[in-house]
Amino acid sequence: MSREPFSTPSSLSSRFAPSSARASAVKRDSLAAELERDPQMSSAKRQQRTQAFTSHLAHASLERQLVAAHTAKTELETKLKEKDTIIERLEGDRRWLAEREKEEREEKEREQAEWAEDKCKLDSEIRSLRSSLLTLREQHADLQDEHAGLSRSTSQTITSQKSQVATLTRQVSLLETELTDVKRIAEERNRSYEELQSQLDELSAANESFVQKDTDEENWTIVREELHRQAEYMRKLETTNAKMSAELASLKEKHTSVEVLREQKRDLERRLQGYEELQEKSIRIEAELQAARREREEWASRSAEPSTPSKTPVSITQSLSALRLTHARLLEEHGSTLASLRQREAELADAENREKEAQDALEEMQLKLRSLKDKLDRTERDRILADREVGFLQAMLASYTAEESAQDGSKVDEASLQRIQQLEALLVDYKATIEQLEKELEDIGGDPAALGNIRSREDLMQELQREKAANADAQKALQEAEVASEKHLEQIEELEQTLFELRGEIGAGRHLPPGVRVLSMKENPARQWFDLSQAAMDRLKSENDALMKRLKELEQSGARGTGDSSTAEELVPRASWEVVNKEKTELEELVKQKEKRLLRLQQVFQAKSAEFREAIASILGVKLAFYPNGQVRVTSQFDLNAAFVFQPTSAGEGMKMQLVAQGDGGPEDLPQLMRYWVEQEQCIPGFLASITLECYEKSKMEKQRGYGA
Amino acid sequence: MPTKQAPTRQAITLKGSTNLVTEFFKYAANTILFQRGVYPADDFHMVKKYGQTVLVTQDLALENYLDKILKQVNKWLLTGSVTQLVLAIISKDSRTSLERWVFDVNLVEQPSGQSEPAPAKPEAEIQAEIRNILKQIVSTVTFLPVIDEPTVFNILAYTSESADVPADEWVDTDPLAIEAGKSQQVKLRSFSTDVHRIEAMVAYRYDG
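Those protein sequence lines, which keep their order, are chains U and E.
Note that full-length UniProt numbering gives residue 682 to position 682 of the first sequence, counting from 1, and the numbers run on in steps of one.
Note that full-length UniProt numbering gives residue 61 to position 61 of the second sequence, counting from 1, and the numbers run on in steps of one.
Check the hints yourself; a few may be wrong.
According to the in silico footprint, chain E covers these stretches of chain U (three or more CB under 8 Å from chain E) [unchecked claim]:
id, segment
1, 118 to 128
2, 506 to 515
Computed footprint of chain U on chain E, listed as stretches where at least three residues anywhere in the stretch have a Cβ under 8 Å from a Cβ of chain U [said to hold, decoys possible]:
id, segment
3, 83 to 92
4, 97 to 109
5, 120 to 133
6, 136 to 148
7, 157 to 168
8, 182 to 190
With a straight-line cut-off of 30 Å between C-alpha atoms, the simulated DSS-like cross-links for lysine-lysine are [what the hints assert, rightly or not]:
id, chain 1, residue 1, chain 2, residue 2
9, U, 121, E, 92
10, U, 119, E, 15
11, E, 182, U, 121
12, E, 135, U, 119
13, E, 15, E, 48
14, E, 121, U, 121
15, U, 121, E, 68
16, E, 26, U, 522
17, U, 522, E, 15
By construction, these hints were calculated from the structure, which means they are not laboratory data.
The beta-carbon is built from N, C-alpha and C at its ideal position, and this holds for glycine as well.
Chain E on its own, in the form it takes in the complex (with noise of 0.2 Å):
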């Protein structure tokens, strides 16, 4: 339960709901890799997070990447300068982007007119929350187009103008896009904690 002291609670929140939200970030992206098998099953091991087993890689490359990028996005998270996450499932052979998976992050507005705070969102429906939606990553497969072909990943950061950027680390690129009239989206569900709402999109490449 969150304290209930009123100055800190804000910043706690803060800084517990951006680990929420990165932590969330890291499993969704392998539940992601795992499901659209681009690295391959062997690679990954079953973890207990959020209540269910999750898999998570164990190739050693893959985790020091994506802690790098989860360590970034956890600075911007706390400053609010990244508005929307991107893992994009590229071809090896034809580098076109096949999937698309969307993580828009919006800052929730605390209602003005309230003198009293909203009561904290419990962590356990937060949790709950989550799981659903990565049930929901499992479950695309049902109808997303299947991909046999050998992919990659790229995770892009949407961030704002003003954000700061380590410039060793990260360069401007493109953003990867889906070839106009080739693709459909699906709108997964979002979750929210008392700072963060999540919403989750996939769009993807679909020859009909």
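Isolated chain U (complex conformation) (with noise of 0.2 Å):
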């Protein structure tokens, strides 16, 4: 602590301009004594002393001009510090901008890192991508397949289409060919119809040119013999109904009395049932016979035995006489039963034989019946039919008769009728080519187009056949194949499981392959290991022998006195010295090292701590100075005259500063802030701060003053 005298420049100041004003005094008293001593001089004095004046004029200007370039310079300065700051802020700036450049540049990295990644990732999907548009083309090549497979179906059942198409084709060609044929026998029909006509044709202009009358009469007859024979041909029809019917009656007489028979028949049978009881009554009666016959032999036996019949009793005689008449009676009942029996049953054959023969009659008589229907029903429309004829032949008469009414009737109209009847006949020729040929496929039996797809069906059942057989070939051999592809896959695996086993002999290091060499670089770190354990080893050893030998050799000295320590203390051996003296310069080493270290954390701190008061001295405006005694002194940037001296006090919690000395400098009203702060408020940092202010108010009061002057 400085305990000179604080001096400032206003004193200074002070104390100089009295002696400034004193010499500028005596200056002008001398002027003025000289001007009073030597008057003709005046003039010339004068002018030296206006001289002097302005010289003196100049000066004081020039020392105003110092002045105001010293204000120049200090503004100046001011300004320079500005400018530190400015530049300081600057730099700081310039530091913030670097940092971001610095983070944008790893930002950057990062992005290009993540874009890198991308890419990786794109790639890796572009490839999966292609893999799916391999699959994707062999899926179409595999549906290109199918479809060929299916175009080649269809177009075989178009081929077999075809074929059918060809073989309706040729039936049709067939059908037409029959159908020209029937028009060739039609167009045959039609020519002897036309001849016919012709010949009907001169007939009746034969008969145009006979007589009229003639003619009439000839037809006339012509229809009258038509018409008898029709009449004819109807009565024997309606004879032949009459007939049949009558036959029809007769047959279903005997119909009834088949029907009689019959019941006849049925009335045997339960009568027949009546004998069979009767029979089975025989039977008995026959079996109670031979019971009585063997009675009466026992009875006989018996009576033999006693060889005299006399003693025989009269009443068994006689129950046995009319046993035997009852028996005789019997047999002759039985007789006549069978007798009976047989008459009964020979009727009921008879009766059975008339009733086949009715019914075989009534069949026939059925028959015949359907078949006389049939005739019926055909001279029916035969009748019909030569109504018809008869209608025809009466419209034709009567056109006959409207033409010889008419005489001279027009030509066209005989044409136009001519016409109309060869068209009827053409209808009617037609008409029965079209039962000819009805009658024809009737004889076939069934339409040609069902022919057709029967065959195709059956063809198709075929190849469906074909088809499974071949399925089902298919399905054993691929149950097969499966069976193998099992057998085979365990066998994978078994030896999978072998090849397993045998990496892991080859792995373990069991097993060499051959062409193989196994190396190793001369200096590994197991070798090494080895040889240093081995060095340990050895070194102990040979520590141990050497042990050994000094034992053995003290042993040998005698009894030296184990209890000497400074004798023991030099028996140790060379090896143990050695090992010992490794790890103490090991040791040494280790000891510079940790100084080195210490040292450089010295100096770290001292720099560290350098730093704070800096910082503290900057911020706060006051300057601390750490002594060993924990004390502090804290010092005023703006007046080193205000000191202070603080000591710590550990009473209570935390650490409290007290005031113990303090400089001679300080602001005037020091006293009364130490009251108030320190006494009264007891805050050391408002006391300091306040002290601060005054201290910077004065020292800037100051240096304006000294400005000023």
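Reconstruct the complex from the two isolated chains, following the hints.
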């Protein structure tokens, strides 16, 4: 702590100012004296004086200029300080920008990494998409194959259908040829008809040429004849019909008789059942009879025993005779019933025969009846046709009569009539042919279109069968293949197991494949370790050996007293000593290293503490000095005389500072401040802050005063 | 992406593939040494590789040793004369082999029928495979027997007879086999480049 009196510039200046004033007063006095002493030289002196005055003025102005320059200088200095601060700020900004730039760069790098990662990802995606494309292509190829298969099958069906069409066209052509045949026949018929027509025409012409009456009569006769014939035919038919109905009646009667016979037969059968009962009875009786006979024989034997028939009782013989009688009667009865039975049976057979015959006859009759009915139908149809013909002829007749009446009928009518007739005939012909064709068709049985279908269906069935067989074969083959593949899979699994085990053999190093060398670096960690341990072992062994040797020497040298410690110390073998020595050097090295580290730490600490003090000085405006005894000296930056010493008191919680001494500077109202802040408020920071403020104000004022002077 | 030019592609992929495989060995060996506690865990520091954190040793001696080995392995891979690399973990006290980490090196046969070479395998895919192997190595600690004794390791290279061997550095050695009847093995994942296929396996001593 410097205890020299504090001197301020203001005090200096105040001391200086009176002396300068005194000097100027002395000068003025001498001038006045000279002025009084030498009036002649007054002008020159005045001049001189004026000159001196001007020079003085100039001097003053120059001094003012100097002061101005000083102020300008201080201003410039302050400006410079400002600039410095600005520069510092800018520097800070620059640092901040650099940091930003660094951040940006890092971000950029990160982004690049991300980009690369994305790229990799996209690449893999592309790969996967390519693989999917490949699979899709394969699918496409598969689908194409399928398509080809389908087209092949469709073409097959088309060809089969075509062949069907061909057969159908053949049939059609056949039918057409038939149709042409039929047409030909029709034409022939037509021709014949035309011939007939022409004949008729001729005849009619001839007729015309004849006397009309004649023709008329002829016509009539023909018609009458025709009618007669028809009527006769009709009559015949009616008679046959009547005959048939009569026959039918008789048959019906017969049928009724047959029914009666049947009834009789049933009756007989019933009776026969009664006879059977009777038969049973007769059998029973026979059995009784036999029993009786046996009895009789018994009796006879018994009677033989005494050999005197007289002994046999009369009652027995009587009963025997009675029994015999009954037996005979029964036999008789039996015979008669048998006979009647035979008779009945014969009758029954007879009746059955008759019945059969009657039934046969009935069937025959029914057949006949049916055929007759058919015939009747046919004749009926014929009759209808004949009727129609008659109608037609009558119409023709009417036309003839009309012709007759109109004698000179136009030929056009005739021609048209002819044409009509012709057409009608044609129609009939066609009908006939159609009938014929239908009949033919029936004979053939079924329509030809169905035939073709059947054939194709058969083909299809065959094909289906074949396909099924093939399918079954294929399935069997598939099953076999599956079984084989399963076997193979098992084998593969086994082989994989053995392979794995063999790999393990190789992996464990127990098997060395042929033609393979196993190499390792000469200097490998394992070797080094083993070498090291070997070396340690060797060292220990040598130490041990030395010790043993020493021990032996000691033993040999006799009892030199084991309690002698000074000699025991000397007995340490060299090997042990070397080990200890080595350890020592190692430890020394360690110490050196530690020391170096400590030094470096101290340096760092000093640098840091200096930094800290500077920071405190610039921020709080006080300089701190720490003493080893824990005291702290605080000196204001603005007034170096204002210094305070604090001492920490560990009383109470935390650390409190106590003002223990003060410098001889400081502001004038220091005692008041001290009383207020330290004694009253007990707030050291407040005290220091107010001191700093005061000092700052004071220094500022002094500075200003200094410039002003 | 590899270049599309067909003639130079093969050479480039061989070299690139060799480098990839060598790098894989480096990280695999480091991972094994860390996971199996052959070196103290403090010796390792984390490095970002294959899109994950991998622990790599800081022990200078070990680094040098691995570098030397990998350089030679790289040469052998280029000539195709190495068939297997084995990292053997040996007990310090009893000198018995405890684990053998086997990496089979196979050359990928290019299908001869194809006129056009198969599309190059993207590096991302290869890296994913490598990542999976490393993860599997990490996960093996769940089933491998706990090693509670100090161990050292050695790296063995199985080469063909005709391989070019620097005589002063490499020597023929014992295969450090695990005792028969006490060995078990687990097949690990594999990865393949366009040229090489690496199949990993761990065989270990198990005194069940």
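Cross-check of the supplied hints:
1. With 5 residues carrying a beta carbon less than 8 Å from a beta carbon of chain E, the segment 118 to 128 of chain U meets the three-residue requirement, and the given coverage holds.
2. As drawn, the segment 506 to 515 of chain U meets chain E at 8 residues by the rule of a beta-carbon pair under 8 Å; at three or more, the given contact holds.
3. Counting residues of the segment 83 to 92 of chain E whose CB lies closer than 8 Å to any CB of chain U gives 6, so the stated coverage by that chain holds, three being the minimum.
4. Chain U is given as covering the segment 97 to 109 of chain E, and this holds because 3 residues of the stretch bring a CB closer than 8 Å to a CB of that chain, at least three being needed.
5. Counting residues of the segment 120 to 133 of chain E whose beta carbon lies closer than 8 Å to any beta carbon of chain U gives 4, which reaches the threshold of three, so the coverage claim holds.
6. Coverage of the segment 136 to 148 of chain E by chain U is violated in this model, with 0 residues showing a Cβ closer than 8 Å to a Cβ of that chain against a need of three.
7. With 8 residues carrying a beta carbon less than 8 Å from a beta carbon of chain U, the segment 157 to 168 of chain E meets the three-residue requirement, and the given coverage holds.
8. Under the rule that three or more residues need a Cβ within less than 8 Å of chain U, the assignment of the segment 182 to 190 of chain E holds, with 4 such residues.
9. As the CA atoms of residue 121 of chain U and residue 92 of chain E are separated by approximately 46 Å, the hinted pair breaks the 30 Å bound.
10. This hinted pair checks out: residue 119 of chain U and residue 15 of chain E have alpha carbons roughly 23 Å apart, not beyond 30 Å.
11. Distance check on the hinted pair: residue 182 of chain E and residue 121 of chain U sit about 45 Å apart at the alpha-carbon level, beyond 30 Å; violated.
12. This hinted pair checks out: residue 135 of chain E and residue 119 of chain U have alpha carbons roughly 24 Å apart, not beyond 30 Å.
13. Distance check on the hinted pair: residue 15 of chain E and residue 48 of chain E sit about 23 Å apart at the alpha-carbon level, within 30 Å; holds.
14. This hinted pair checks out: residue 121 of chain E and residue 121 of chain U have alpha carbons roughly 14 Å apart, not beyond 30 Å.
15. For the hint pairing residue 121 of chain U with residue 68 of chain E, the CA-to-CA distance comes to about 35 Å; that exceeds 30 Å, so the pair is violated.
16. Pair hint residue 26 of chain E plus residue 522 of chain U holds up; C-alpha atoms about 19 Å apart against a cutoff of 30 Å.
17. With a CA separation close to 27 Å, the supplied pair residue 522 of chain U and residue 15 of chain E stays within the 30 Å bound.
When the structure is compared with the earlier hints, violations turn up for hints 6, 9, 11, 15 and for no others.
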